[in-house]
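J.: One-letter residues, chain by chain:
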Amino acid sequence: MNTSVPVQPARWPGSSFARRLASSPAVRVSGRRLLSAIPVLWGVTFLTFLLLNALPGDAASALLGINATPAEIRSFSIKLHLNEPLWTRYGHWLAAAATGNLGTSLASPQSVASIIGSRLPVTLELVVYALIITFVVSVPLAVLCARWPRGIIDRLCLVLSMASISIAPYVLGLLLVILFAVDTSIFPAIGYTSLTTSVAGNLHTMTLPSLVLALPLIGFYTRFLRADLLEQMQSEDYIVTARAKGVSEWKIVTRHALRNSFIGLLTVIGLNLATLIGATVIVEEIFSLPGIGYELLNAISNRDVPVVEGIVLVFGIAVVLANLLTDLLYGVLDPRIRHVRSRS
Amino acid sequence: MSVPAADLLATVPAQDLAAGEGAASRARGWLRTLEIVVPGSLLAVLLFFCFIWPAIYHIPSPTVGDLLQVNAPLWSPGHILGTDSVGYDIMSRILYGGRVSFEVAAAVQAIGLVVGGLFGMAAAYRGGWTEAVLMRVLDVFIAFPSLVLVLAIADSLGPSETHVIWALSAFSIPAFARVARAATLRLRDQPFVVAARLSGTRAWRIMFQHLVPNMAPQLLTFSLLGASLTIILEGALDFLGYGIPPPTPTWGNMIATGQSFISVFPRLVVVPSIFLLVTSICLNMMGDGLRARWGVR
Numbered sequence: 150m151n152t153s154v155p156v157q158p159a160r161w162p163g164s165s166f167a168r169r170l171a172s173s174p175a176v177r178v179s180g181r182r183l184l185s186a187i188p189v190l191w192g193v194t195f196l197t198f199l200l201l202n203a204l205p206g207d208a209a210s211a212l213l214g215i216n217a218t219p220a221e222i223r224s225f226s227i228k229l230h231l232n233e234p235l236w237t238r239y240g241h242w243l244a245a246a247a248t249g250n251l252g253t254s255l256a257s258p259q260s261v262a263s264i265i266g267s268r269l270p271v272t273l274e275l276v277v278y279a280l281i282i283t284f285v286v287s288v289p290l291a292v293l294c295a296r297w298p299r300g301i302i303d304r305l306c307l308v309l310s311m312a313s314i315s316i317a318p319y320v321l322g323l324l325l326v327i328l329f330a331v332d333t334s335i336f337p338a339i340g341y342t343s344l345t346t347s348v349a350g351n352l353h354t355m356t357l358p359s360l361v362l363a364l365p366l367i368g369f370y371t372r373f374l375r376a377d378l379l380e381q382m383q384s385e386d387y388i389v390t391a392r393a394k395g396v397s398e399w400k401i402v403t404r405h406a407l408r409n410s411f412i413g414l415l416t417v418i419g420l421n422l423a424t425l426i427g428a429t430v431i432v433e434e435i436f437s438l439p440g441i442g443y444e445l446l447n448a449i450s451n452r453d454v455p456v457v458e459g460i461v462l463v464f465g466i467a468v469v470l471a472n473l474l475t476d477l478l479y480g481v482l483d484p485r486i487r488h489v490r491s492r493s
Numbered sequence: 007m008s009v010p011a012a013d014l015l016a017t018v019p020a021q022d023l024a025a026g027e028g029a030a031s032r033a034r035g036w037l038r039t040l041e042i043v044v045p046g047s048l049l050a051v052l053l054f055f056c057f058i059w060p061a062i063y064h065i066p067s068p069t070v071g072d073l074l075q076v077n078a079p080l081w082s083p084g085h086i087l088g089t090d091s092v093g094y095d096i097m098s099r100i101l102y103g104g105r106v107s108f109e110v111a112a113a114v115q116a117i118g119l120v121v122g123g124l125f126g127m128a129a130a131y132r133g134g135w136t137e138a139v140l141m142r143v144l145d146v147f148i149a150f151p152s153l154v155l156v157l158a159i160a161d162s163l164g165p166s167e168t169h170v171i172w173a174l175s176a177f178s179i180p181a182f183a184r185v186a187r188a189a190t191l192r193l194r195d196q197p198f199v200v201a202a203r204l205s206g207t208r209a210w211r212i213m214f215q216h217l218v219p220n221m222a223p224q225l226l227t228f229s230l231l232g233a234s235l236t237i238i239l240e241g242a243l244d245f246l247g248y249g250i251p252p253p254t255p256t257w258g259n260m261i262a263t264g265q266s267f268i269s270v271f272p273r274l275v276v277v278p279s280i281f282l283l284v285t286s287i288c289l290n291m292m293g294d295g296l297r298a299r300w301g302v303r
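Chains as they are written, first to last, in my numbering: chain Z, 150 to 493; chain S, 7 to 303.
Among the hints, a few may not be true.
Here are the in silico distance ranges between beta carbons for each label pair [to be verified]:
hint : chain 1 : residue 1 : chain 2 : residue 2 : range
1    : Z       : F195      : S       : S166      : 53 to 61 Å
2    : Z       : V348      : S       : R34       : 46 to 54 Å
3    : Z       : A245      : S       : D195      : 17 to 25 Å
4    : S       : D195      : Z       : V285      : 55 to 63 Å
5    : Z       : S343      : S       : L48       : 53 to 61 Å
6    : Z       : V178      : S       : D195      : 34 to 42 Å
7    : Z       : A247      : S       : R34       : 34 to 42 Å
Some chain Z residues well away from chain S (every beta-carbon gap over 12 Å; in silico) [said to hold, decoys possible]:
hint : residue
8    : T194
9    : L212
10   : S224
11   : A244
12   : A246
13   : A256
14   : S257
15   : R296
16   : V326
17   : F336
18   : L415
19   : V417
20   : G442
21   : V457
22   : V481
Chain S is faced by these chain Z residues, among others (derived, beta-carbon under 7 Å) [stated by the list, open to error]:
hint : residue
23   : L323
24   : L325
25   : F329
Since the hints were made in silico from the structure, they are not lab data. Think of the CB as a built atom: it goes at the ideal place given N, C-alpha and C, for glycine as much as any other residue.
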């Protein structure tokens, strides 16, 4: 046993806070993750650049149309700097992007940042609305399934979730259009009203698209949450304690197990976000919503490289941030993980 | 601490087992088997009608329309599922379109399995910087919205079945690499692999004779689930106009062309949608069923 008084490091009020912050596991984890995200994001933009340049045709001929003369195309491509070598163009783009400047669209005088700024809210609303629908439906369903495993509700949910996971978004979208817009005109088939114009009108136009995004998620999350709940109910000590205290089964599921299962659900949402973003492209195309995916399809067919790069970068950053946020929340919600991490 | 908990819990499965000793467990076993047999035989029937039926029975050509018989309803004589707006027979387009779907799915999964599986296994077995580089490359593919990648590749190669296969492989290769890597990491330090290594077995022999048989069930079930996704994605490419263009029939482009007539003839969309959905459900169910049976995660 060492009996000597441990030497306390000298403390200054200002720097101790800074040191505590720097040694906080959350900050360390986010710092490391954000640093390791940089090569990944660079790879994504580089891959996009190579791919877009491998496409036949370029922005000059795509934008001028088929009636343009070769001379017009040549002068236009000089104006767009398309005559410079690939590496120079990518270097210019990368240098500007590193300082936060995403450049100007080739198709319009608008800056890429302003295009993304005007389109992103639509896509974000779509994703958030879909996630809200998913939660409202799948949490109660999963609780019912876990309360009576192998019961009628459970079996029905299993079949329905299998169907909802297997359905293609374009198929689901068109079937919902047939049901709700053609046979009964409850919701419009296409069109968009912004949230600032009219909240009711906005919900009216966004409900069908959000449903298309939400239905496969409902199937997936219900099954996931049900499995996680059952695992909690069967193997965790605190459930046994609660049962021994005489807490009712309902309360055990909704108060004790559900809280812990939310942690698992959270990670799945973080991981799912990339797929969800991919699906918004199709949904926006079906319902012609002016979101970022719709813009992306336009920009690809126009060979509008800066816009595509900007959108792909936004998608990449969204995925990286979502994964990071998930990891951090994980530590906040489950103290066991936080302590293990800070010790290591 | 955990002993009483384990005791309490032990009673639950024990009761379950005692009750399930007789008819109930046999019924559950049957149900398990049915879960695999029913979708499996449905798929077999679909495959038979897509690939063999047109050879032994005369069906109308999928790309020769009869302009006198446009938009025939369901159950018309000679056209069981009716005709579309150009007079093409829908049944025959469904069957030939199914060929495309199954061919693309099989090819994409095979390419992913061989290329991605080998990469993932070799990288994880060797470890070190090979693995680190591979993982970063996989991260790029995962952070990349898959649909964008597939669209760009499909657009740059031009519309054809082979090109769609290449484009979708860009999606299946990293997925298989991840699964194979995880499986290899799990197996690498197992006693039987260590024993093989200690007795001087060559690396390639360990990989192909010890690792591959042990991860085969996992990769196989994964490829069934992946095939369902591939069929959906192939349809998405057709739907967005980057896939296989008409008049070649595919389920995706049938749905896309049917979209313009959705308010007048919803069946032009509904019929191919049902086939797409049933195929994808069957593949998913079989994948899930086999996964449960073989006990792989």
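J.: Decide, hint by hint, whether the structure agrees.
T.: Tested hints:
1. Z/F195 / S/S166: 53 to 61 Å: 27 Å, violated
2. Z/V348 / S/R34: 46 to 54 Å: For Z/V348 and S/R34 the Cβ distance comes to about 51 Å; the hint holds.
3. Z/A245 / S/D195: 17 to 25 Å: With Cβ atoms ~48 Å apart, the hint is violated.
4. S/D195 / Z/V285: 55 to 63 Å: Violated - the Cβ-Cβ distance for S/D195 and Z/V285, about 45 Å, lies outside 55 to 63 Å.
5. Z/S343 / S/L48: 53 to 61 Å: Given range 53 to 61 Å: violated, Cβ gap about 46 Å.
6. Z/V178 / S/D195: 34 to 42 Å: 27 Å, violated
7. Z/A247 / S/R34: 34 to 42 Å: 60 Å, violated
8. T194: 10 Å, violated
9. L212: 16 Å, holds
10. S224: Holds, because the least Cβ-Cβ distance between Z/S224 and chain S comes to about 26 Å, which exceeds 12 Å.
11. A244: 21 Å, holds
12. A246: 16 Å, holds
13. A256: Check passes; 17 Å lies beyond 12 Å.
14. S257: 21 Å, holds
15. R296: Answer for Z/R296: holds, closest chain S Cβ roughly 15 Å.
16. V326: The assertion about Z/V326 is violated, with a minimum of 6 Å to chain S.
17. F336: Holds, since 14 Å exceeds 12 Å.
18. L415: Holds: least Cβ distance 18 Å, greater than 12 Å.
19. V417: 15 Å, holds
20. G442: 9 Å, violated
21. V457: 8 Å, violated
22. V481: 24 Å, holds
23. L323: 5 Å, holds
24. L325: Violated, because the Cβ-Cβ distance from Z/L325 to chain S comes to roughly 11 Å (cut-off 7 Å).
25. F329: 12 Å, violated
Of the hints listed earlier, those the structure fails to meet are numbers 1, 3, 4, 5, 6, 7, 8, 16, 20, 21, 24, 25, in rising order.
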